[in-house]
Structure formats: structure tokens, C-alpha cells
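All the letters of the sequence shown, read from the start, carry residue numbers 9 to 114 under the working numbering.
Hints were generated in silico from the structure; no laboratory data involved. Glycine included, every Cβ here is placed at the ideal spot set by N, Cα and C.
Computed beta-carbon distance windows for the label pairs:
no.: 1; residue 1: Phe113; residue 2: Asp83; range: 29 to 39 Å
no.: 2; residue 1: Ile22; residue 2: Ala68; range: 18 to 28 Å
no.: 3; residue 1: Glu16; residue 2: Gly112; range: 30 to 40 Å
no.: 4; residue 1: Gln100; residue 2: Asp50; range: 30 to 40 Å
no.: 5; residue 1: Gln12; residue 2: Ala68; range: 26 to 36 Å
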Amino acid sequence: MTPQQRLEIEEKVIAMLRTVYDPEIPVDIYSLGLIYKIDVTDKGDLNLDMTLTAPNCPAADFIVEDTRIKLESIDGIESVTINIVFEPEWTQYMMSEEAKLELGFL
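Could you build all of it, start to finish, from the sequences and the hints given here?
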């Protein structure tokens, strides 16, 4: 995979992550700052580190599965591994400016 192909796939990954929502929050998981790492290998394997707004998030299974299904649909992705991490701990300061505005933090 060329660097240009990797960049194109990463852009598609980000666009797809912007379609995944926590059912309790009207903002996508990328804008919320829940995505910590996107790594695409030369073979097309995607490794994603993400967190949740709270360790006991009741929608965790839904969010992870929705994310996995959507990412697996991207051309060029062979497999998806999603790692749920809690370091660093998520805070509202990790949100994009648009997300903060949407949620009334600005």
C-alpha cells in the first residue's frame, strides 16, 4: 500500500467515524474526541483505539459494533480491530469546537 492509498483510506475511516453516534449524545464519536488512534497497515488491517465518555457507558456494545460494521464496509480495509482504552481519560476538552457548540459548551 502506498502512502497515498493509506492516506485515502484514513480519510474514509474518519468520514465513516463521523456517521457513528452515541445514542444518548447528538454528536458523532470522532467529533466527541473518542478516537485516540487510527492505524492502517500495508495489508489493509485497521487498528483503532477508542474510548467511551464513561467506563460504564450503557451504549458501549452498540457503539463498538456500529463502528466495526461501518469500518469493515470501507474498500481497502481487510480487518478491523477496535481496542477500548481509558488512558487518557476522556474529558469534554477532547471534543471538537463544533461538538462543544452543538452540546452548548460554548
